[in-house]
Structure formats: structure tokens, C-alpha cells
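K.L.:
Residue strings, one per chain:
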Amino acid sequence: MSDWIAIGAMGLVGVGLPLAMMAVSALLRPSVPEQGKSATYESGEVPTGTARVQFNIQYYMVALLFLVFDIETVLIFPWTVIYRSALEQGASLATVLTPMLVFIGVLVVGLVWAWRNGAVKWVKSPQASRRKTERKDA
Amino acid sequence: MTPLQTLPEWAATAPAIVLALTGLALLLIDTIDPDSTNNGLLAGTATLGALAAGGIAAWFLIGGTGMESTGGAISLYGDALVVDGMSLFFTLIFTSVTAMVTVASYDYLADEEYQGEFYSLVIFAATGMTLMGMSNSLATVFVSLELASLPSYALVAFLKKDRGSIEAGLKYFLIGALSSAVFAFGISLVFAVTGSLVLPEVAATLAEGTELVGVLGLGVLMIAGGFAFKTASVPFHFWAPEAYEGAPAPVSAFLSSASKAAGFAVAFRVFTVAFPLETVTAIGGGSVDWSLLFALLAVVTMTLGNFAAATQENVKRMLAYSSIGHAGYALIGLAAITVDGGAANGDVLGASMAHLLVYGFMNTGAFLFIAMVEKWGLGRTFEDYNGIASKAPIAATAMTVFMFSLAGLPPFGGFVSKYALFYSAIESGFWWLAAVGAVNSALSLFYYSRVVKAMWIEEPSKPLEIGSQPVGLYVAVIFAAVGTVLLLPGFQPVIETAQTVAAALF
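Residue numbers (the numbering used here), protein chains in the order written: chain A, 1456 to 1593; chain B, 70 to 575.
Next comes chain A alone, as it looks inside the complex (with noise of 0.2 Å):
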């Protein structure tokens, strides 16, 4: 028999485990529903409204910038992992090193821009700022 049997079946299990036990115990227990039970559990305080915040759009333009740094950073790794053992096999500094400077310089033009275009400047909605000032007045 294969191998891959034994990881076939530790996937259904895995999946099956939980299924069957909340199918099993969603048939046994009686339904008794209650507005203390069904209520939104907020670690023993009393929830107040909804869950539902709207979160600033600014979050967007930092996760982006965030993700294109991070891949960067990513691809930097493998470069630095040669690094030592190219110059001593004998590669020039140049041919070592231009490369990644030319990959840094062009992200670099890119964050020089993003910044001076107003891609990081905290921005708030107008509906924001003019309840932040109401809170401050109040």
C-alpha cells in the first residue's frame, strides 16, 4: 500500500474529528436558546453596539507599501546568503554588489515618490475629524 495512505488519513480525521463531534453534540443537547447565552461574549463586559467598525483607509496604503518592502526584503535574503562566498571566489565588488543597488535604487525612486505624493500622510474622512473634534469640545 502507499505511503501517502497514512496522510489521507490523518486528513479526513482531522477534518472528520471535529465535524462529527459538533454534528453529534448539535443532535444530543437540548435548544435552549437564551438571551444571555446567544449574546456576544466581550470577556465579562456588557457589549455595546456593533462589531462593525469602519476601519481608516489609510491601513490600506500602509499594507501595500508594507507588502511591496516585504517582498523586498524576501528577495534581498538569498543575496546576502552568497554574498561572502562570491567575493571570495573571486567576483569583483562591482559585479557582486551593483546589482543589488540597482534593485534597492528602483524601489527606493518608488518610496521617494509614494511618500511625496501623500502615500503615507495619515489622512482622516471629514466625518472622522469633525467627530474627533466634537469628542474633543464635549
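Simulated from the structure, these hints should not be mistaken for lab results.
Watch out, some of these pointers could steer you wrong.
For each label pair, taking beta carbons as the anchor points, the in silico distance ranges come out as [unchecked claim]:
#, chain 1, residue 1, chain 2, residue 2, range
1, A, Val1567, B, Glu236, 29 to 37 Å
2, B, Asp104, A, Gly1466, 41 to 49 Å
3, A, Asp1525, B, Lys230, 28 to 36 Å
Quantities reported herein were computed from a predicted structural model and do not represent experimental measurements.
All C-beta atoms, glycine included, are put in the ideal place defined by N, C-alpha and C.
Keeping the supplied structure of chain A fixed, place chain B upon it in accordance with the hints.
P.N.:
Then chain B, alone, in the frame of chain A:
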């Protein structure tokens, strides 16, 4: 002529390097003063960059870079990139279209925001397309395809306050993302069969034979699907009418001419170098006959594109379907390849490449004329084009040239390129492909002449007011018209170059 052997090898990718530097320069220009935009400086830099890259490509092509006379194709960075005649020829197509689009955008974008972003996106997309022509490895093909596509998604959705533009951009992006996923999966299947991503190595491994013919066939089919999306061929053409109609007209010109040619560049290279027909039709116990697949796609694409264009009421949508039809004609280049074709294979592929060059000029010109009409605010249907010739005779003449050239009528470039394509298809033995093409060309004359008739013969229902004479758009349209006309007497060097560089692939 300076001996090219004195330049370092990486200088062979100079067109791509120039375009990338132009894109970065545009970003830096935009950085200087974020609150204002210098439209002229941006458009000028973009155009200069595109023309410089095109000039370098032409210089390399004339000097014989990457061709047999100077030592064969130049392979760089561990076979990831290859610079040969075909990549330089396609670079010429991309840069000429880019230059016309950036000159026209100077007027089209005059009242818009985000001008720096527009030009840099166009130039980065052109860089991606140039790299697509130069890719020698499936990984490079994928990355450069994405580099060319992602700016295009943003460019289609550029008019942020226009619902049509946003909707078109979203549709294009979703279908494009799906096609990229299919394409990447096809690449992974081919890698599973051959163990290599570099195109010549894939061919060498396949020549030794493999048992996984089914997996290979599926991989080839999915890769063909990815290319069919990029070139807007049936059955992956659904994004094209929406994207071309909703996008700003210079972006439609850029997409339908340059992006389509880029898809063909990479399709030609991958299928002739990585999956040579004589290898994949005699593999293991089965056969992956992609020339039959492309013949089928070519016929369906030509027919559907032309018949759908004949029923349209919106001029931009009509042109979008007509560009799908032209993708069908260009697919004949891949469809007419045979195992024992020899020189005829190079001829038909070269004719297809030459047709893409001529098509670049006439299609860009047509869409830029539509950009002019959009700028004048006249409307989008055929009726709105009534009587334009009385107010703007030069522009209307240029549009007439484009329409008749697209239909393949005699004294324009479109006639010779279609003639050469159909002739070389017949020479390869595919007379039925040429017959379908000729019938579709005849049909296309109907809807192209609808535009001409509206402009010259019909009377406008209400008096036409054409306010301004936008210089940039005029220059671009007239340059495209002159190019289309000059490509008739000047077709001989074009077709010879194209057929020589195509023959080098076989």
C-alpha cells in the same frame, strides 16, 4: 557603423533599460512638486524615452545584433533573457505605439489629475512588453507578462470618476488575474514534465521523449490559454470589448496594439522554441499538435470578431471587436506552421509579425481619432460621427485611411500585410485559413465603411461644434496615418526583416 562587439553583452537589453530608466525618471519628475503637474514635461520625457528605445532597437536591428551574421542570439543572465532579431523587431512595434500614445495623451489628459502616474504606468507597461519579447525562460515570460499587465489594469480604470472606466478596469483585472493563474499552472505542469523552465532546455528534454504526454498536453493547453487572454483571442476574448470601450481612448490604443503584439511575441517564442512542432507531435505515444489548436482558434477568432463588429452601434466597441478579428489574422502565423515546412514556417511567422507592425500603426491611429472625438465631446455611436469631415477634414481623412487599411484595401499598408500573410499561409498549404481570412476581410469592409460613410456622407442631426484643435492628438493621428500609407511602398524591408528574424527561430 560602430562595431557592436565593443559594447558589453548586457547592453543588448538597452531598449528595456532605457524604458525602465524613463519610467523612473517620470516618477522623479512627479516627485519634484507633488501639488502641480507639468504635463508637457512628462509627456515629452515619456515620448523621448520611447523614441530613444525604439531608435536603439532599430540601430541594433540594422547592425545585425543577435542575428546569425554577428554570432547568433545573445543569451543573458543564465538564459533568462535572449536578444535576437525577433525581440528587436517587436521592441520597434511597442516603442512606436508607446510614442504615439504618449504624444496623444498630452492633450487627452490635459484636464485630468494623476498625470505623472499615467505616463509612468504606460512606460512601465512598455518595459514589460519589451522584456516579454526578450524572455527565454517561462519564469521570465510570466514576470514580464505581469509587468505589462498590471499597469494596464490601472490604466484602464484611470478615469476614477467615470463608471464605465472603473467597471472596465475591474472586469479586465478579474479576468486577467484568472488567466494569469491558469497560465502559471500550465507553466508548473510543463516544469513537472521537463524539469526546466528555460525554453531551449524544455525542447531538449522533450526531444528525449517523455511518458507524461497528457500532463504536457494539459500544460501546453493552459499556456495557450494564457496567451489567448493576452492577445484577446476567442474563447478568452470577453474582457476586450469591455476594456477597450470603458478605458480612455489612448489606453485602448495602447492595449489593443502594443499589448496584443506583446502577447504574440511571447506566444511565437514559447511555441516555436520550447515546443517545436516536430518534437511535440512525435512524443511518447501521443501528439500535442498545437498548430491545429491555433488553426481552430484563428478561424473562430476571425469569424467571431468580424461578425460581432458588424452588429455594433458604438464605434469604440466596433473597433474592439475588429481588433479581436485582427488577432485572428495574426494567429494564422502560428496556425500555418508545419513539421516539414522549412522556410515556409519562417515566412508565415514573419508575415504575421509584419502584419502586427502595420496593425500597430493603423489601430493606434483609429483609437486616437476616437480619443479626439471624445475630447470634442461628440458622442460614441455611429450617428454621432455624422458630418465630422466638414469640420475636421484632415482628421477625417486620416480616419478614412485607417478604416480602409484595417479592411485591407489597396493603396494602404493593411493591404500588403494581409496579402503577404494570406500568401504565405497558402504557400504552407493552409489555403482554407487564407480563404476564411479573405472572406472575413471582405465582411469587415462593411463595418469599417460605416464610419467613413458617417463622417463624409451623412448630415449631422444637430450642428457640430468642434471647439479646439488639440495639437498632440493631431500629431499622433497624422503620424499614424503617414506611417500606414508609407508602409505600402516601404513594406519590402519590413517583411524581409520579419521573415529573416522569424526564420532564425526554426
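K.L.:
Does each hint hold? Answer for all of them.
P.N.:
Cross-check of the supplied hints:
1. Hint check: valine 1567(A) to glutamate 236(B), Cβ distance near 33 Å, so the stated range 29 to 37 Å holds.
2. Against the hinted window of 41 to 49 Å, the Cβ-Cβ separation of aspartate 104(B) and glycine 1466(A) comes to about 57 Å, which falls outside the hint.
3. A hinted range of 28 to 36 Å for the beta carbons of aspartate 1525(A) and lysine 230(B) is consistent with their spacing of about 33 Å.
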